[in-house]
Amino acid sequence: MAYLDTYTTSLTASTAAHLLRRATFGPTNQEIVDFTGKTATQAVDLLISNATFRASPPPPVEMDETRADKGQQFLTKPFYGDRTYDYFLFIRYWWIGLMTEQNGHPSVLEKLTAFWQNHFVVTHSSTGDYRFTDRYLRFVRDNAMSNFRTLVIGITKDPGMLVFQNGNENSKESPNENYGRELQELFTVGQKDFAGNANYTEDDVKAAARVLTGWQVNNLWVEGSTSFGSVFNPSRHDTDNKSFSAKYNNTTITGRSGASAGDTELADLTTMLLNHPQTPRHICRKLYRWYINPNVTQEIEDNVIIPLANFFASSGNNYAIVPVLKKLLTSDIFFDSNNFGGIVKSPAEFMVGMLRHFDLPVPDLTSEYTAFRKMMEFQEWAMSKMQLRFLDQPLVFGSVPYYQTGFSKNWINGTTLGLRGQHTDAMVYPWLELKPGYMLGLDFLKWIRQIQPNFSDVAGTEAVTCDVVFAELSKNLFAIEPTQSQKNFLIDTIMMRNIPRTSWKFELNAYRTSPNNADAQNPVLWRCQALMKYMLRMAEYQVF
Amino acid sequence: MKRRQFLTAASSMLLPVMVDGFGVKSLAKNSALVQSLMKTTALNSDRIVVIIYLSGGNDGLNTVIPLEYYSEYMGLRSNIAIPENRVLGLSGNIETGFHPAMTGMQALYNEGKLAIVHAVSYPNPNQSHVRSSDIWMTGVDANQVSSSGWAGRYLNDRFAGYPQNYPNGEMEDPLAVQIGYVGTTTLLGNNQSMGITLSNPDSFYQLIGTQTPNQSDLPCCDAGDLISYVREQQLLAVGYASEIKNAASAGNNLATYPAASAGNELAEQLKIVARLIHGGLKSKIYYVELGGFDTHAGQVGTNNTEGLHAQLLKKLSDGIAAFQNDLKLQGTEDKVIGMTFSDFGRRANSNASKGTDHGVGAPMFVFGTGVKRQVIGTNPNLVSGLLPVNPQSWETSRDIKMQIDFRRVYSDILNDWFGTVPSKTNQLLFRNFNTTSLFSDTVQTISSGAWANPEIWSNGRIPTVAEKIIVNAGHVIDVGQNINAKTLEVNGELRFLGDFNVNITG
Numbered sequence: 002m003a004y005l006d007t008y009t010t011s012l013t014a015s016t017a018a019h020l021l022r023r024a025t026f027g028p029t030n031q032e033i034v035d036f037t038g039k040t041a042t043q044a045v046d047l048l049i050s051n052a053t054f055r056a057s058p059p060p061p062v063e064m065d066e067t068r069a070d071k072g073q074q075f076l077t078k079p080f081y082g083d084r085t086y087d088y089f090l091f092i093r094y095w096w097i098g099l100m101t102e103q104n105g106h107p108s109v110l111e112k113l114t115a116f117w118q119n120h121f122v123v124t125h126s127s128t129g130d131y132r133f134t135d136r137y138l139r140f141v142r143d144n145a146m147s148n149f150r151t152l153v154i155g156i157t158k159d160p161g162m163l164v165f166q167n168g169n170e171n172s173k174e175s176p177n178e179n180y181g182r183e184l185q186e187l188f189t190v191g192q193k194d195f196a197g198n199a200n201y202t203e204d205d206v207k208a209a210a211r212v213l214t215g216w217q218v219n220n221l222w223v224e225g226s227t228s229f230g231s232v233f234n235p236s237r238h239d240t241d242n243k244s245f246s247a248k249y250n251n252t253t254i255t256g257r258s259g260a261s262a263g264d265t266e267l268a269d270l271t272t273m274l275l276n277h278p279q280t281p282r283h284i285c286r287k288l289y290r291w292y293i294n295p296n297v298t299q300e301i302e303d304n305v306i307i308p309l310a311n312f313f314a315s316s317g318n319n320y321a322i323v324p325v326l327k328k329l330l331t332s333d334i335f336f337d338s339n340n341f342g343g344i345v346k347s348p349a350e351f352m353v354g355m356l357r358h359f360d361l362p363v364p365d366l367t368s369e370y371t372a373f374r375k376m377m378e379f380q381e382w383a384m385s386k387m388q389l390r391f392l393d394q395p396l397v398f399g400s401v402p403y404y405q406t407g408f409s410k411n412w413i414n415g416t417t418l419g420l421r422g423q424h425t426d427a428m429v430y431p432w433l434e435l436k437p438g439y440m441l442g443l444d445f446l447k448w449i450r451q452i453q454p455n456f457s458d459v460a461g462t463e464a465v466t467c468d469v470v471f472a473e474l475s476k477n478l479f480a481i482e483p484t485q486s487q488k489n490f491l492i493d494t495i496m497m498r499n500i501p502r503t504s505w506k507f508e509l510n511a512y513r514t515s516p517n518n519a520d521a522q523n524p525v526l527w528r529c530q531a532l533m534k535y536m537l538r539m540a541e542y543q544v545f
Numbered sequence: 100m101k102r103r104q105f106l107t108a109a110s111s112m113l114l115p116v117m118v119d120g121f122g123v124k125s126l127a128k129n130s131a132l133v134q135s136l137m138k139t140t141a142l143n144s145d146r147i148v149v150i151i152y153l154s155g156g157n158d159g160l161n162t163v164i165p166l167e168y169y170s171e172y173m174g175l176r177s178n179i180a181i182p183e184n185r186v187l188g189l190s191g192n193i194e195t196g197f198h199p200a201m202t203g204m205q206a207l208y209n210e211g212k213l214a215i216v217h218a219v220s221y222p223n224p225n226q227s228h229v230r231s232s233d234i235w236m237t238g239v240d241a242n243q244v245s246s247s248g249w250a251g252r253y254l255n256d257r258f259a260g261y262p263q264n265y266p267n268g269e270m271e272d273p274l275a276v277q278i279g280y281v282g283t284t285t286l287l288g289n290n291q292s293m294g295i296t297l298s299n300p301d302s303f304y305q306l307i308g309t310q311t312p313n314q315s316d317l318p319c320c321d322a323g324d325l326i327s328y329v330r331e332q333q334l335l336a337v338g339y340a341s342e343i344k345n346a347a348s349a350g351n352n353l354a355t356y357p358a359a360s361a362g363n364e365l366a367e368q369l370k371i372v373a374r375l376i377h378g379g380l381k382s383k384i385y386y387v388e389l390g391g392f393d394t395h396a397g398q399v400g401t402n403n404t405e406g407l408h409a410q411l412l413k414k415l416s417d418g419i420a421a422f423q424n425d426l427k428l429q430g431t432e433d434k435v436i437g438m439t440f441s442d443f444g445r446r447a448n449s450n451a452s453k454g455t456d457h458g459v460g461a462p463m464f465v466f467g468t469g470v471k472r473q474v475i476g477t478n479p480n481l482v483s484g485l486l487p488v489n490p491q492s493w494e495t496s497r498d499i500k501m502q503i504d505f506r507r508v509y510s511d512i513l514n515d516w517f518g519t520v521p522s523k524t525n526q527l528l529f530r531n532f533n534t535t536s537l538f539s540d541t542v543q544t545i546s547s548g549a550w551a552n553p554e555i556w557s558n559g560r561i562p563t564v565a566e567k568i569i570v571n572a573g574h575v576i577d578v579g580q581n582i583n584a585k586t587l588e589v590n591g592e593l594r595f596l597g598d599f600n601v602n603i604t605g
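Residue numbers (our numbering), protein chains in the order written: chain L, 2 to 545; chain X, 100 to 605.
It should be emphasised that the hints constitute simulated quantities derived from the structure, not laboratory data. Just to be clear, a hint being listed does not mean it is correct.
Stated by the list, open to error - As a list, the in silico EDC-like pairs of lysine to aspartate or glutamate whose alpha-carbon atoms are at most 16 Å apart:
| hint | chain 1 | residue 1 | chain 2 | residue 2 |
| --- | --- | --- | --- | --- |
| 1 | L | K39 | X | D324 |
| 2 | L | K506 | L | D458 |
| 3 | L | K488 | X | D316 |
| 4 | L | K71 | L | D458 |
| 5 | L | K78 | L | E224 |
| 6 | L | K207 | L | E186 |
| 7 | L | K410 | X | D316 |
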């Protein structure tokens, strides 16, 4: 098989949907239509260039409509400790809103940002200061598509990271090895290579920690402060040379002093880390697991990960991210049908994907902050309970299902299945009113009126069959097209409850004849609800 | 909605696992009843109802055949009529017979364990599957709606605080168990389903570990592996999984059920119900269903005693007979009753496609040793009892008039079987319904009128000499004949229209 060769077949609805499901948090039906017929290269180029549309979205605002400062920006104001958790939630909502919105320009940006957010983890809980979380999110989002070197350097000096991984406390007198370890174990070279050999030594951890001495943060949680950030304090920096093991070709980083020492040594350290042959493999393996399949076999390691890593680190590419992403998303292996449905949806792919699939518009953050908050509260609460906590992950490792044995299966258990079902049911039986006239969920009667041509012309236009309605309601819902016997089961047993399919036409015509009569509406409504409720609870809906 | 409210609302919808990170509240403690199988008291608290839903609208006239009106029956539906000599006779009931496929239910009737409730419906009947079954399941008037089911309301009231405070000492097991893909409205409480659902018999056997899941519809590769895993987790997420497993391992089927090759899906479901009952599961209500009764066309084959409807009735009859026999062998017979219901009845007349269209009245069956009388109401009067009463020439479709409101049966189950206080039952069913005396050895008047009018009697029949009779206060009964009865208690008034006598046989 040609693994990293470019997939040249024009995209069908099915392959376009696959690309959009993986490159974004899930497509609308219209986006699938828009991408059908493009080549993979055209499609991915568009997904990449579309990132500019939301490069600088309006900032989050106070979303509590009972407060006097409702609707106002808060990041431009002095630190306000009383509201720090709420502001953190508003920042989270802001980002989930960007993932969810349907602006006609689907882009790789938010999904890729989420990847880096799960890679270079900084938790809100470690600082409790919403400004730190905001700066961290903006850093990974602004640089998600830049260069891996930029990300490593920037994240090392990120004020949130300095607090979270104790870089803040790392000085020549009392080195703190926390970040020096995670930088290698998680962020760059990885703990072990694919064969299980250690990629660095314990002495390398100590040496890296010494390189990183002297960085501090200021104004963390200082009430009323108007600025904050990271600073390099030369007096805390270890100016001696730092020697690394054979794992790094016995590199020595020359000790520096003075104000620029921190940056200079960090640049050297980053170069050393990025020269380690396992660094690009570690990152490419993680990208493969994120975008294609968590299951990395020796065959995939040899034919996908290693060649992609070589390209990533090549002098021509020099750790630029976008070309690697493009190669991955346009590859034959990406479009291999065996990889369709090969990942369990994360709570974000589940929740954001569902709202996008059903084309439920996101209220405008600035002008409709109350409705926006209600929608995002619904989403954020669901994702958190389903074990995905954006910007506040359980550990520096990121979310468990991205690294633990079983990978994406770890999203699923009795509790999370119950929660997933409850939230899909909320679409089928809407109960959350975002604003007057906007109930979050599905309006099946409206949908039926759209499906039925010449809805009111009962005598002149035949009623559409239940098969047609099923096809519309299930369109693009599953990553893998249901088998004919599954379709028959869904139509006959779930939708029609074992009565003849022809009964549907009588019921639909009764509704067309008396569209305002509840008794005429209900049979049609009830069958659509039963069908959709069942489909959204199917195991097949949990994978993508 | 505030965060906290949403959290509470959301938790209450989760059954019965509680949100606690990845943790799941352990429900693994053994049911006390499972451990002491010996206790099978006949107290009301042990009583169980099995509800069998015949989805689609069963054709009553070809199920319970009014032999006394055979020629009219033949006139209404000659293309699907069961030949008179093939109708199964019922002991002590020469005017009525069963479809020839119903040998099992015939035997149960003859043993006194099965009751026919004739011509059941409700005023202003609706002929939409969805609406009419909803009326039956919610237990409302045709012009009312309810978001809860009749049995769900009963359970909601009886087991206050479910599910948050359950399982507890009073109820360690699921309140109700349904086998079916779509949760029934019947079991909906005020906020959530009061029951747990097993999709199908296979999922039960997979849950208790005696069957491996069907893999045939899985896609290949990792997707298939993941879907299979999710299904496994879905199975384990069935509420009260450990209680069900315990009961399944403690219980046995002692009777022979139709072979799997018979494809009797109802029998397969009832077999599981019997096993769980025997295993001591305390669930009050079991809900099973058999689909396919919407027989607009081809309900009989080339021979009128064969075909689709015959197959369905055979499944029903064989299933109920095996189930009842199982209960008998288990010694659980006295604490279980079963009832059937359907969306509606079908037309008295057949259509040209050898089928029947949506209609009104149809028989219900109630079975078990708990039934005290075997016939409620009378055969539909095919001479003068069809609707419209005086049809126009173009009104060729005739319906079977209601005799018994279905909620009278529900009311009897709640009052007399479960022992609910009548005022509570009235609240659960939104008003008072007259008894049918189904579970009582006494018949009573339900209105004033002529003694010889079946409609004034709770069981819809003129009392026989063997009856204990009560004339209720406020009722004036015109007596135009001699009265023979076992006992007679007159709290109202007997108005003799002539020189007639009362003979009490004691």
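Here is what the structure says about each hint:
{"no.": "1", "hint": "K39(L) <-> D324(X)", "verdict": "violated, 31 Å"}
{"no.": "2", "hint": "K506(L) <-> D458(L)", "verdict": "holds, 14 Å"}
{"no.": "3", "hint": "K488(L) <-> D316(X)", "verdict": "holds, 11 Å"}
{"no.": "4", "hint": "K71(L) <-> D458(L)", "verdict": "violated, 49 Å"}
{"no.": "5", "hint": "K78(L) <-> E224(L)", "verdict": "holds, 11 Å"}
{"no.": "6", "hint": "K207(L) <-> E186(L)", "verdict": "holds, 13 Å"}
{"no.": "7", "hint": "K410(L) <-> D316(X)", "verdict": "violated, 20 Å"}
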